[in-house]
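Construct the complete structure from the given sequences, taking the supplied hints into account.
All residue numbers for the sequence shown refer to the working numbering, where the first residue is 1 and numbers rise by one.
Please keep in mind that the hints were generated in silico from the structure rather than gathered at the bench.
Possibly wrong hints are sitting among the right ones.
Below, simulated DSBU-like cross-link-like pairs (lysine-lysine); rule was C-alpha separation at most 35 Å, straight line [said to hold, decoys possible]:
# : residue 1 : residue 2
1 : Lys224    : Lys168
2 : Lys168    : Lys276
3 : Lys175    : Lys224
Simulated restraints on C-beta separations [to be verified]:
# : residue 1 : residue 2 : range
4 : Ala17     : Val135    : 21 to 27 Å
5 : Val49     : Glu13     : 16 to 22 Å
6 : Thr293    : Ala333    : 42 to 48 Å
7 : Arg192    : His308    : 25 to 31 Å
Just so you know, even glycine gets a beta-carbon here, dropped at the ideal spot from N, CA and C.
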Amino acid sequence: MTSITPTLRISDEERQARLTRLRSAIEEAGLGGMLLGPTESLRYFTGLVWHASERLLGALVTPKGLYYIVPGFEQSRVESLPHLPGEICVWQEEESSAALVASLLSAGETLAVDDAVALFVYHALARTLGADRLVDGGPMIRSQRLRKSPAEIAIIQYAMNLTLDVHKRAHSILKPGIRASEVVRFIDDEHRAHGADGGSTFCIVSFGQATSLPHGADGDQVLKSGDVVLVDTGCRIDGYHSDLTRTYMLDEPTEEFTRIWTMEREAQQAVFDAAKIGAPCESLDDAARTVLTRHGLGPDYRLPGLPHRAGHGLGLEIHEEPFIVRGNPTPLAEGMCFSNEPMIVVPDRFGVRLEDHIHMTASGPEWFTLPARGPAEPFA
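Okay, structure coming up:
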């Protein structure tokens, strides 16, 4: 597998269409603008990638304009980075970025604020504009990012394929005596070598009892004969995430592990089968829990059983809407992408998480990666 090709990147034309839709939503809501912070939404709408710090760098989107809010000493760097055309408005060290934002709005106009900005940004805006002129921009942003375009789905598919290949390579090096840290390093090197943005975005490698901790244990572990193995990792391609988990045994699986693994796979399939256009997200979580309850696990979040939601959305953030969780009535729609991972935890023994992702088409769900084949066969 080679590095990502230019055709698997979000084009400026697609970003411009996103910006046009956002401007229309701002105008329809009667707002003066939307302030995007140094968040994934800044990347989504403008292409500018920036990491949060104690200084505000972002963009103000109005019905007619795009203004980048930039610390003066960062202007030349911003100019060198990919971004949609817009006016770069700078503020100096002794000046207020909130005052700069306010100066770009008309008197009395209301400002929607990216819900992922730091609290200090909000407080500065509230002091300058008044809290009554600020509204939560999260719902407007999420309504646009919730459904992925064909280009986004193609990039996520590429990333998932890459990570699946890395999983297979990691499986091939496992043997008693290997340290979890060695496997993590190997996975990161493989992601990096095959074109991922900066290597692995995360990597959990757990052996034995540590697999019963959903996000892994502290300290290094050494693989022993007869251990359960859980590997959860992902990468980014043009900012979009992959995320894939496999749980298996290298030796002949024990009867107990096989029993729990089979329940996990049944619950995972139940989530997929429940994923119909228009179905509420919570119904997929219900489908997984119904399977586990029928097998005597749970109920609810009790252990042995499923201690967390059955899945999460994925895109420019590793965890984003739609969340596959009890109490979420959001109906599934074409373009939504989310994980399917109703993990089973057997406290102090082991855990089994099989995680693959789904994207919704007009006719129903499709796997990004095919589920695991068996308790000792982690790949289809």
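Cross-check of the supplied hints:
1. Lys224 with Lys168: The hint holds at about 20 Å.
2. Lys168 with Lys276: Holds - the C-alpha atoms of lysine 276 and lysine 168 are around 31 Å apart, at most 35 Å.
3. Lys175 with Lys224: Measuring from Cα to Cα gives roughly 8 Å; hence the hint holds.
4. Ala17 with Val135: 21 to 27 Å: Holds: the Cβ-Cβ distance is about 24 Å, inside 21 to 27 Å.
5. Val49 with Glu13: 16 to 22 Å: Because 18 Å falls inside the window, the suggested range holds.
6. Thr293 with Ala333: 42 to 48 Å: violated, 28 Å
7. Arg192 with His308: 25 to 31 Å: Given a distance of about 30 Å, which is inside 25 to 31 Å, the answer is holds.
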